[in-house]
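Chemist: Chains as they are written, first to last, in our numbering: chain A, 1071 to 1645; chain B, 402 to 732; chain C, 179 to 428.
It is possible that some hints are incorrect.
Said to hold, decoys possible - SDA-like, lysine to any residue: derived pairs with alpha carbons at most 25 Å apart: (1) 355(C) to 501(B); (2) 493(B) to 392(C); (3) 686(B) to 295(C); (4) 696(B) to 1513(A).
Stated by the list, open to error - Derived DEER-like restraints, expressed as beta-carbon distance ranges: (5) 1114(A) to 185(C): 39 to 47 Å; (6) 531(B) to 191(C): 20 to 28 Å; (7) 1157(A) to 540(B): 41 to 49 Å; (8) 401(C) to 1341(A): 30 to 38 Å; (9) 548(B) to 1149(A): 35 to 43 Å; (10) 1341(A) to 338(C): 57 to 65 Å; (11) 531(B) to 316(C): 38 to 46 Å; (12) 401(C) to 548(B): 47 to 55 Å; (13) 332(C) to 531(B): 47 to 55 Å; (14) 634(B) to 225(C): 28 to 36 Å; (15) 404(B) to 191(C): 27 to 35 Å; (16) 548(B) to 1182(A): 57 to 65 Å.
Because the hints were derived from the structure by calculation, they are not lab data.
Only a predicted model underlies this, so the values are computations on that prediction, with no experimental measurement involved.
Glycine included, C-beta positions come from ideal geometry on N, C-alpha and C.
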Amino acid sequence: MLIFRKPIEGVERPQMPADVVIVGGGPAGMACALRLSQLIDQHNAAHPDSQLSKENIYVLEKAREIGQHCLSGALLDPRSMRELLPGFEKEAPLDAEVTKEAVYFLTEKSKFKLPITPPPLRDHGNYVISLNRFVKWLGSKVEETGITIFTGFAGSELIFSDDSKEARVTGVRTDDKGIDKEGHKKSNFEPGYDLNAKIVILAEGPRGSLTKQLVNKFNLAKNSNPQTYGVGVKELWEVPPGRIAPGEVIYTMGWPLTTKEYGGAWIYGSKENVVSLGFVTGLDYRDPRLDPQHVLQDFKQHPFVAKLLAGGKMIRYGAKSMPYGGWWAIPPVAGNGWMILGDSAGFLNSARLKGIHLAIKSGMLAAETAFEALKKDDSSAATLAAFQRSVESSWIKEELWKVRNMHQGFDHGFYAGMFHSALQMVTGGRGLRNRYPGSAGYQHMRKLSDLPTDGGAEADLLGPAKGDGKLTFDKLTDLYHSGTKHEEDQPSHLVIDDTNICNTRCVKEFGSPCQNFCPANVYEMVDDASQANGKRISLNPSNCVHCKTCDIADPYQIITWVPPEGGGGPNYDGM
Amino acid sequence: MPDTILVVVEQREGKLNRVSWETITAGQAIAATTGWTLEAAVVGASVSALAAEVAAKKVAKVYTVESPKLEPYTPDAFAAALKQFLTTKQPKLVLMPHTYQVRDFVPKLATAMGRTVISDCIGFKHENGKLVFTRQMFQGKFAADVSFASDAPWFVTFQNGAFRGDKAEAAACAAPVEAVSIEIADGVIRNKPQEVFKEAKQAVDLTQAEIIVSVGRGIKEQKNIEMVKQLAEALGGELAASRPICDSGWLPMDRQIGSSGQTVAPKLYLALGISGAIQHIVGMKGSRAIIAVNKDSEAPIFEIADYAVVGNLFDIVPPLIEEVKKAKAGS
Amino acid sequence: MKQVPQKDAPLKLNETAAWIRDDVSYEVNEPDAFALEESLRQKEKHGGEVVVITSGPARSQQVLREALAKGADRAIHLEDNAFVGLDAFNTAKAFAAAIKDEKFDLIFTGLQSDDYGYAQTGVILAELLGWPHATIIMQIEKTDTGIRVKRELEAGFFQFVDMPLPAVLTIQSGINKLRYATLIGIKQAKNKPIRKVPLAEVQSAIGGNLQKIERLYVPQKTKKTEHIEGTPNEIAKKLVDKLRNELRVL
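Same shape as in the complex, but just chain A:
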């Protein structure tokens, strides 16, 4: 019997008042906290008789340590960091400055370099960073200014004033700790706290669980395109010296994907012979048997990649989803007592494949609005709407407007997409019309009965990778290198609405794609003679790397990812 995590009932929860609660200690959340602190310090210096306090401003971070769940390629456009902390380059952990970029189109055995690097992918002036290390550093700066970061605590649900459409978000409830697999309290049970906050800022990263709750409750997405996502599967490698220079950036498209899938790879040279590489697969592929981790293993077998990695050692693995929908998929980002930042909102430039700088900028703008709201002691929808306006008049909009139709243009395959994006580049993003419609990725998934049994052109991307143990790895081995650990004795945090659908319908219609799209072996169909189809869904929740792919890609949309007990998750040291 699968027991799913839900907030425990009938228990008195400790109440804690707060001015601002920022859910998520990633680049957006940390930048927001830091900027808010700067504004308060400035204010206090100028107004000694009407001081604002930082005592009740909190950042909630579900990982045990700051930055532990942060994963990205990553390339940082320093634009917003320079605004936040002029001269930051002198103290931030930047691995290398980008010196060289190349974009390749791959076939199985060869590669064709694009003669001109498309402008969005020109990275001179950007830095190769480890997002994990960068956020650790940024977080230390936040703590130095006196803002409390609670690590090991997840925002598990939003607290509303009432059930109406005009309800206010009045706070965040943290995770219940010490609940066993059956949902009962253990001897060290601690109920989640109710943080009653004037302003709740959601910076949960892609497909945030509280963001999803908020969007659903107020139907916030009614005027936007559905958000679409890709999943990035990453490995960090140590290679023999001389293979790739620090700051060398390579992007690829084409093989191993066919023209029907969206995605591509990155390879970044970092310092000390470390290489960051990964493959992003759009979560709108057709064949439910496609396995994004398998795609990465295939990619590594391309001669030029195999040569780069030969004799090297894979030191870390991870995966994370990212929002591709662009400007039209961003819901309203401010309301009655709430604001949404970064990837949770969808501030990612899918043409440049960058979102960290936008996350940081959104955090800064939200901080400015929050500051004004604190001064006035008014965090109503009207006041917080200033954030919406400032985003729309900032370079966030400027940048995202130009690529607003980028991903949607690929809805009909690779060549159509290239055509549209070229067109969009010369028309300031318009392409054929101002707003291309979008569709949710899972709707593209076809039933097995509509697909060739052997997988056709996609055959190599389907099913689990076997791995040779040296260059390529099976999923379990890769997963071990993600350092993922959770308290074992807790309810499953992958909440499935109706497991009968898994056991009776999905297994026949789609062949249980959860086994394939999850990069962490959380989902397994095990033999069960008592089931009509002989198989039953079984979960290994403690393998979860918190990428949210399942919540996004499940064709029936019956999986809801909620945060497990705080402190658990991957350990993305150096990622």
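Based on these hints, arrange chains B and C on the given structure of chain A.
Modeler: Showing chains B and C alone in chain A's frame:
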């Protein structure tokens, strides 16, 4: 006068702890490479019978370090007694097995003498006239070679199983036994221990098992575990499992071996129907000997196995149980 | 309490191969977390003050913060990089010097550290202070004359021991469920005092290390896999032969 190695054996209630033979073997090995003299000591209230047992091994001399105050064991008494003895005897090297009891008093003894203990060693090296002792660090991820930077006596404790007790060389004729009488003043002993008793342990501690028989997915169904249980019993070992078996509830969580369960290093690890995913391997690769049975010749478990059986465990386990029973009955 | 590299962290040797590289994630030594839990339970039963002490560089303060967040009252930090390389003997000497003006009744340590695994510091400290001690303790009860502890022995045996106070105890792991720090606990911890003890203050008490790590290395496995073949009966016989004559477990 060549330097002396002194092995302090362990006894409880008149019986020698078997692991002491391993320490004798270690002492003999070090004596062989260094040319030092090997002696032994038995500590307790009345230990001459035990000393005679030890004297049957190839050692130069056996001491009985006796005082009525040494029974029952207390760290105060043992440290005081041995400090007295060692201060006069001045051996170069003092060896003991790394038992719970030794852990309880030898750091105190060494400190009282202004010396140090390199504990839980798995071996030694004699390089360029220098003795270094090898021990595991970071839970087996690394090994360290450690040397003494202080004067003698040097204290070393050896890990269970680091040396073979059955390889302790017997003597041609019994070694002389010398009685050492010890004075322990009143007030030295501060602890008052009560009777030792046995209690049914709530959870099984696989880290203490010498033989572990472990099952993985290859067992297919819960009811098949019964057969493996019989094998474990026949061998006198403990039953364990890889994660999926415990996740399914076929065996309790405290029998799980691996990165999310226990880490073990028994004398023998028998892996039945276990593929050898890295999450499991890290929990048992330190085992002294690994026998793996799996249908799949490419199963990663075979990379770390000493003995590999590519075959169906359902065919192999029943005759194995029979042969083990026969062997045990016969001997 | 001790801060050690995270259990699953990939560790690398430093340039001299005498120690590991510092750039890994750290956590509290798990056995020490059980010692802390036991001390907090004793405080809940009998009142009093729980003080936590650690030695190490600035990063090890995290261990103290977590302990304060769980309910410890104050902390002592022997802060200096030099403490990392000290052996157990000198670490215990440093602690003894740092606490010379305190009036503790009980000192708890964890069973052993997850990095060195020596299991000595607590026992050495007891000898330096001249206090009685007991190791691998499962239970502690207060008595009129001091305490009665339950000691774990090998092979499923146990023993009760009566001891006077003050005393040093090394606590067995797994005896209690570890409590979680609460948000309020974390907030309150910020205002709890951490006394910093610089190396200079205890320098005179410590000396050179009495033992030296000559080198640290990845253990090499020279494993040759022997395949056992034949019919199941033949295999069974061959295995038993190995078990008896080569592995000596029968």
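Chemist: Determine for every hint whether it applies to the structure shown.
Modeler: Comparing the hints with the structure gives:
As the CA atoms of residue 355(C) and residue 501(B) are separated by approximately 24 Å, the hinted pair is consistent with the 25 Å bound. The straight-line distance between the Cα atoms of residue 493(B) and residue 392(C) is roughly 20 Å, inside the 25 Å bound, and the hint therefore holds. Taking the CA atoms of residue 686(B) and residue 295(C), the gap is near 18 Å; set against the 25 Å cutoff, the hint holds. Between residue 696(B) and residue 1513(A) the CA atoms are separated by roughly 41 Å; this puts the pair beyond 25 Å, and the hint is violated.
Here the CB-CB span from residue 1114(A) to residue 185(C) is close to 43 Å, well matched to the stated 39 to 47 Å. Here the CB-CB span from residue 531(B) to residue 191(C) is close to 21 Å, well matched to the stated 20 to 28 Å. Hint check: residue 1157(A) to residue 540(B), Cβ distance near 43 Å, so the stated range 41 to 49 Å holds. In this structure the supplied range 30 to 38 Å holds for residue 401(C) paired with residue 1341(A), their Cβ-Cβ distance being about 35 Å.
Checked against the hint of 35 to 43 Å, the C-beta distance between residue 548(B) and residue 1149(A) comes to roughly 56 Å, which is inconsistent with it. In this structure the hint that residue 1341(A) and residue 338(C) lie 57 to 65 Å apart at CB holds, the actual value being about 58 Å. A hinted range of 38 to 46 Å holds for the C-beta pair residue 531(B) and residue 316(C), which are about 41 Å apart. Hint check: residue 401(C) to residue 548(B), Cβ distance near 28 Å, so the stated range 47 to 55 Å is violated.
In this structure, residue 332(C) and residue 531(B) break the distance hint of 47 to 55 Å, their C-beta atoms being roughly 33 Å apart. Range check, residue 634(B) to residue 225(C): about 50 Å between beta-carbon atoms, so the 28 to 36 Å window is missed. The supplied range of 27 to 35 Å is met by residue 404(B) and residue 191(C), whose beta-carbon atoms lie about 33 Å from each other. Checked against the hint of 57 to 65 Å, the pair residue 548(B) and residue 1182(A) passes, with Cβ atoms roughly 60 Å apart.
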